[in-house]
Every structure is written in structure tokens, then in C-alpha cells.
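**Student:** Sequence:
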Amino acid sequence: MKALEKETAKYPINRVLCKVYSIPQGSMSFVQDNIFIGQMPKRIVVGCVDNDSFHGTFEKSPFDFKHYDINFIGVYVDGQPTPHNPLDLNFAQNNYIKGYHSYSVERKN
0 MKALEKETAK YPINRVLCKV YSIPQGSMSF VQDNIFIGQM PKRIVVGCVD NDSFHGTFEK
60 SPFDFKHYDI NFIGVYVDGQ PTPHNPLDLN FAQNNYIKGY HSYSVERKN
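Residue numbers for the sequence shown, in numbering that gives the first Met the number 0: 0 to 108.
Misleading hints may appear alongside valid ones.
[As the list claims (entries may be wrong)] Below, a list of computed lysine-lysine pairs in the BS3-like style, where the Cα atoms sit at most 25 Å apart:
hint, residue 1, residue 2
1, K18, K41
2, K41, K9
3, K18, K65
4, K97, K18
5, K41, K65
6, K18, K59
7, K41, K97
8, K65, K97
[Unchecked claim] Cβ pair distances, simulated, as ranges:
hint, residue 1, residue 2, range
9, F57, G37, 20 to 28 Å
10, N84, A2, 21 to 29 Å
11, I34, F57, 26 to 34 Å
12, Q31, F64, 51 to 59 Å
13, T7, D51, 30 to 38 Å
Rather than coming from a laboratory, the hints here were simulated on the basis of the structure.
For every residue, glycine included, the Cβ atom is placed at its ideal position computed from N, Cα and C.
Could you put together the complete structure from these sequences and hints?
**Tutor:** Laid out in C-alpha cells, this is it:
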């Protein structure tokens, strides 16, 4: 308690922000500019689910994530890929382990 008499208490705050974007069915590309204004997050998690499961259909789970044959995903800051080069994925040929590996590497930091 003596320490609080000399200076104010400082508590770490981890801000969590959830953003939702809808991609029209059949769309072959999706670009979203200026997702974050100000400070960049330490971690970005991307998950894709069916629209009706996200909006509360009781027969479906909002945690049933699907890949929807995504073949390219990247994050750019000022035109530069961050934190590494974009991921080229190919689910038909079982070439998608980079996505899981980069996720586990980022979680360790």
C-alpha cells in the first residue's frame, strides 16, 4: 500500500476488437482497406463461417469455421506485407499448412 501513496497504479490493458465483414456468395476476391485506424493490433485472427450460422440459426454453430477454398490472404501496412508475405493456399492439393504454422508462430510471441 505504501507504493500507491507515491505513484498511481498502472494496469495492463489488452484491448480486443472484433470486426465482421460479409463477403457476397460467389465473390472471387475481397479487399478491405483501412480496417484499423491508429495503432495496429498485435494479432489478427481470420475466421470464416456461414452467414446464417453467424446470425443465429440454431441448427448451425457459429464456431464451425470453413476455408471456402481461400487461395490467398495477406495483410498490408503502407503497401508492405505484414508480418510476413501473404499466404498462398491450395486446399484441393492439401497445401495449407503455412496458414496454421504462421498462426502458431504468432501466438508464441
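**Student:** In ascending order, which of the hints set out earlier in this document are inconsistent with the structure?
**Tutor:** Of the numbered hints given earlier, those the structure breaks are 9, 10, 12, 13, listed in rising order.
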